[in-house]
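Colleague: Listed below, chain by chain, are the residues.
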Amino acid sequence: MGISKEEILSLLRGMLRIRCLEETLAERYQEQEMQTPTHFSIGQEATAVGVCSALEQQDVIYSGHRCHAHYLAKGGPLLGLVGELYGREVGCARGRGGSVHLTDAGSGVIASSAILGQTIAVAVGSAWAFSLDHSRRVAVAFFGDGAVEEGIFHESLNFAALHKVPVLFVCENNLYSTHSSLAVRQPAGIQIYERARAYSLPSRQVDGNDVAAVFQATREAVEWCRSGRGPYFLEGLTYRWREHVGPLWDYDAGYRTKAEVEEWMARCPIKRLSEQLLRDGLCSEGELRRWREEIQQEIAHAIVVAKSSPFPSVQCLLEGTY
Amino acid sequence: MGISKEEILSLLRGMLRIRCLEETLAERYQEQEMQTPTHFSIGQEATAVGVCSALEQQDVIYSGHRCHAHYLAKGGPLLGLVGELYGREVGCARGRGGSVHLTDAGSGVIASSAILGQTIAVAVGSAWAFSLDHSRRVAVAFFGDGAVEEGIFHESLNFAALHKVPVLFVCENNLYSTHSSLAVRQPAGIQIYERARAYSLPSRQVDGNDVAAVFQATREAVEWCRSGRGPYFLEGLTYRWREHVGPLWDYDAGYRTKAEVEEWMARCPIKRLSEQLLRDGLCSEGELRRWREEIQQEIAHAIVVAKSSPFPSVQCLLEGTY
Amino acid sequence: MRRLKYWQAISEATVQCMEGDPNILIAGIGVDDHKGMFGTTRGAFQRFGRSRVFDIPNCENAMAGIAIGAAAVGKRPLVVHPRNDFMFLAMDQIFNLAAKWKYMYGTQAGVPVVFRGIVGRGWGQGATHSQSLQATFAHFPGLHVAAPASPADAKGLLVSALQGSTPVVLLENRALYELEGDVAEAPTPIPFGQGRIIREGNDITIVGASLMAYEADRAADILGEKGIRAEVIDPRSMRPLDERIILDSLRKTGHLVVADTSWAAYGFAAEVAAVAAEKGFAFLKAPVRRITLPDCPAPVSEPLEKAFHPSPMTIVQACLEVLQSEVSSVRGLRDVQERFTGPY
Amino acid sequence: MRRLKYWQAISEATVQCMEGDPNILIAGIGVDDHKGMFGTTRGAFQRFGRSRVFDIPNCENAMAGIAIGAAAVGKRPLVVHPRNDFMFLAMDQIFNLAAKWKYMYGTQAGVPVVFRGIVGRGWGQGATHSQSLQATFAHFPGLHVAAPASPADAKGLLVSALQGSTPVVLLENRALYELEGDVAEAPTPIPFGQGRIIREGNDITIVGASLMAYEADRAADILGEKGIRAEVIDPRSMRPLDERIILDSLRKTGHLVVADTSWAAYGFAAEVAAVAAEKGFAFLKAPVRRITLPDCPAPVSEPLEKAFHPSPMTIVQACLEVLQSEVSSVRGLRDVQERFTGPY
Ligand SMILES: Cc1ncc(C[n+]2csc(CCOP(=O)(O)OP(=O)(O)O)c2C)c(N)n1
Ligand SMILES: Cc1ncc(C[n+]2csc(CCOP(=O)(O)OP(=O)(O)O)c2C)c(N)n1
Ligand SMILES: [Mg+2]
Ligand SMILES: [Mg+2]
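Protein chains in written order, with numbering that gives the first Met the number 0: chain A, 0 to 321; chain B, 0 to 321; chain C, 0 to 343; chain D, 0 to 343.
So here's chain A without its partners, still in its complex pose (with noise of 0.2 Å):
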């Protein structure tokens, strides 16, 4: 299957969205407002919007820690997100979750969180109701490299696999799990999407900073899950620019060098897009400026009515348990 013009340009501006977003709230981070720990997903977006975009609206996803770029890239609205990291009322978790617990119903972002590995048997449930369902639906379960090594990763691929539920796995491997590197943790002389093999599914590797690359394998991977031939597992190579938790860069932190941050910057996956998508013909610098406008009034917009609308009421602390 080619992608379209359409389609490219709707993956680069996807992209560019989140990115713009997260920058502006790294950013703002530092006024002190946003009082919830956040991870931010910079530098990682081709996975979550090649992936997304490769769903149907009804398809669900889950997410782990590092969960802004799925929960947009599904169609999570902007404010929702913005509002949860102001501690909002108008939050998508009305500011009781904060920035690891995203969560929007309409758009099929049922649920992220911070516990490493817990979401991807939640995956694994939905995708069961739906086979059990005869529906045409999938689930999707995001989590990083650090996270295959939780015994619950193993659980969940057995299970998946066992009952051949409509599930994509999607491992985005940026090489770290907050500062250990794959070597401190993972044997070496095996990849990742090879473990998967373990479970009898079928697996791939790709370039997780290659949207176009992502999107295509995304769109064969849910074909191949919603078509009744069980779980797919997709790892996607990518890098995250900034600290692992925080708004702050982290060069000089010793657990990695600057010179490879540099590499992956190098290897932008929004730079890479536009720049090919201008060399071909298919956008114009002129384009790519009126977007990043538009985008940048959408999130003025968002901050403005999130910091202006309400807190949650104190009245209300115990509201919501039961």
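Possibly wrong hints are sitting among the right ones.
Pairwise CB distance ranges, derived in the manner of DEER restraints [said to hold, decoys possible]:
hint	chain 1	residue 1	chain 2	residue 2	range
1	D	190	A	299	56 to 66 Å
2	D	1	A	250	33 to 43 Å
3	A	55	B	187	22 to 32 Å
4	D	33	A	74	29 to 39 Å
5	A	295	C	48	54 to 64 Å
6	B	308	D	190	45 to 55 Å
7	A	314	B	180	39 to 49 Å
8	A	264	B	203	44 to 54 Å
9	B	187	A	187	26 to 36 Å
10	A	177	D	193	52 to 62 Å
11	B	9	A	187	37 to 47 Å
12	C	201	A	308	49 to 59 Å
13	A	177	D	50	53 to 63 Å
Bear in mind the hints are in silico, worked out from the structure with no lab data behind them.
Glycine is no exception: its CB is placed at the ideal position from the N, C-alpha and C atoms.
Given the coordinates of chain A, work out where chains B, C and D with the ligands should sit on it, guided by the hints.
Modeller: Same frame as chain A, but now just chains B, C and D with the ligands:
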């Protein structure tokens, strides 16, 4: 490496001793004096004896709920086991642990436990300690095909392979987890020993009812571990004759066929080896009879001693908590 | 009314609820085998087969998550654990996700997952197969936690669980499984947070959790022979706890003994004692007493195991002490204890 | 005496114990990184490097088991969790194996594993990163469980843990990490089960766990301004619990408020209230009061989070109510509350 006559006879005698004891225990169990849920290994003696015979005394083993054979094969005193089943102070766990909590420091039986998969990690921990101490010792984890599904299996293999610790994983695949066949628990198309490869481990499947094959495979595996090259994974195909827990037969329970049980009984590891040795003239009917008698005497004696020795004193109920 | 055994009541509730709601599924190790989870899932399997009753791999943590994920898109999974001790492996999903879901995501809908955990007892179940985790579960907001002690309650609380919208943990003591009692035909829910007065009395209140509610009732028989009228209360659920029923009783009796199947420290008995100290202080005429497990893991050896579990006589003795009767003056106590064999 | 911060005291104890015992190892996510587990493992890593301080994969359950297995053959592993909430994943190993090992295997030697778990607080840590699991851990025999509230105690209890033969869980509230206090140079163990009187008083006893010991002391300052002399007790360890120190105080004061960083139901505050109701009943002149978290998961939004955590003023108010003083008569309470910023 070939197997010497002495070695092969000792393998046979080891299996015979376990079989005789368990059959006696299964009979006596029905007197309701052993009040502890008991998982018999009858039919599975070859993996225990084959593996443990290839170990040195300083090596340690861990097991799960079906642990009698491992305990005895590694050299755990017979009275310690019998006494434990009868709940006496003379039991290897002083009557506190019962059938599933065997231990004997002297012979390197560190612990068996009734929570699936639990001791896989614990064995890795002991092996890790050995490698930190640059010791030659090896740790063995015995577990069933059912424990493979637990998350801790995955976490443990990952850690062991990463740190190249001298642990030998021994999966006794008897095709069932309680009454559930592999087909309803693990995806088709891949075998358990192949899954171990997902951790960059050498792994191998052996006929778990061929004690000589197990012995030789273990010798090679242990050499691998001892030489600092890391963990090794061995899968032995075998079969449980009696019910999952308790002393009875369960041909008719519906989860397996009588034909299947009989087919496996025909492949009895003891019958097989003794017939072969008789055929090859390596032992005589008389010898076998004498062994049997010696073993029965040893067992009868242990039972008498166990039954006549004291229960733990109720005054000591709390003792040992701290 | 018909009499059913405890396990039959559970089975009946399950089948009836599944008939009423096609979204209910059962998942657990061996729920479809010939033993049918001590009979409790056999009826459902016979009636609904493999399309709704699922044997599962050994994966406690993932299974809890899978149940949550199915619940998030409309299913009502009932997950059964042959021993509640295995649920330690699933606690992350239960506490860090199911219990917090509705609050943490600010949603209207929670995840209606129901976990049944069976508590082993006797015959050398040992340290890892006979714990009673009610206090552990009930400490965390967002769950309902109950431990039915009668067939009727086993039915009614399970019906409540399968019809409600809150994640529920039900703990069932294996020793109660053969207990028989009146059980209504209709699947009528018993609300969480509503205790039950097993017998009325004015002299002393005995609150017993799970099997201990049953034992407390036996103890009250014995006390009755001495002319002491104990009020026996089964809280039925630990979260929410029916404080009202306990305090109302205390108001009458002024004396309190709490019996539990777990340890004293930070356990069910502690919570009830705390409620008394906090809200029933004005009624209390004597110190509260906790009857719980000795502070050690469960031993296997028969004499130790026998000494380990509190008996009705342990409760009787505690009541007499609270009432400051002379224990030795109660004739024939030993005999009664010896005669008692209970439902195990 | 030198003054050290709480995290420095932990770091010092670790290094000193590791110097004294080559079998001590550290394992945990990121224990060797630039943040060094909020500084607590940085010193050990600098001193002993990768041969004794191990970054690990994300595998909480296996890691607990691996630590146990290493302990079974002579090591003394110290496992550190950046949040104690992650320990739900390791509870099977902790409860079903480590805690029961010595008893269940009838052995002389136990498995001396030490688990440190950090309790998050504030800045939107949220529902799964700010729980306080002391009651959950302390319910089970076989463990020692403590939650030091001062730098000296953080040091002394860790020394005790690393020198003892019992599996230990230490819970450290992140909000205490920057707190400074006198800490002796020598690695002197503080035994588990020995509480500490933070200040003496005759009017009311305040027992505070972990951070709440600190807050109780602030509350006592405020009460002091009103002429109320509160005795503030930090139990330091939850298992064993120093009942004696609580009861002795109660004998003097007759009034009890218990403050905890977790929920009321089945929590630390319940246990202390139960001890009072059971063993201190004769001393009690008024109902016990529990100051604990509201019965909901931890919210993120700042105003909710602020309302969620009890403050010294919450404790003050409870004390006044127990003493039946007129709350409104205490001048300037609001101001004091506003002025207080605490150590966060
Ligand atoms: C069970 C659990 N263990 C540890 C943590 C702490 N933690 C939060 S994020 C993280 C790193 C995860 O790495 P990865 O899965 O690769 O995701 P990334 O941050 O790289 O996107 C860790 C260890 C956690 N949240 N949950
Ligand atoms: C964590 C856990 N889950 C479930 C059980 C119940 N259980 C005990 S033995 C067993 C079957 C194990 O099968 P396998 O590992 O193949 O060993 P086998 O009995 O066949 O020797 C099960 C499910 C348990 N003990 N622990
Ligand atoms: Mg990563
Ligand atoms: Mg098996």
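Colleague: Hint by hint, say whether it matches the structure.
Modeller: Quick rundown of the hints versus the structure:
1. D:190 <-> A:299: 56 to 66 Å: holds, 60 Å
2. D:1 <-> A:250: 33 to 43 Å: holds, 35 Å
3. A:55 <-> B:187: 22 to 32 Å: holds, 30 Å
4. D:33 <-> A:74: 29 to 39 Å: Given about 38 Å between the Cβ atoms, the range holds.
5. A:295 <-> C:48: 54 to 64 Å: holds, 58 Å
6. B:308 <-> D:190: 45 to 55 Å: violated, 37 Å
7. A:314 <-> B:180: 39 to 49 Å: For residue 180 of chain B against residue 314 of chain A, whose Cβ atoms are near 56 Å apart, the range 39 to 49 Å is violated.
8. A:264 <-> B:203: 44 to 54 Å: With Cβ atoms ~46 Å apart, the hint holds.
9. B:187 <-> A:187: 26 to 36 Å: holds, 29 Å
10. A:177 <-> D:193: 52 to 62 Å: violated, 37 Å
11. B:9 <-> A:187: 37 to 47 Å: holds, 40 Å
12. C:201 <-> A:308: 49 to 59 Å: holds, 58 Å
13. A:177 <-> D:50: 53 to 63 Å: Check failed, 22 Å falls outside 53 to 63 Å.
The earlier numbered hints that this structure contradicts are 6, 7, 10, 13.
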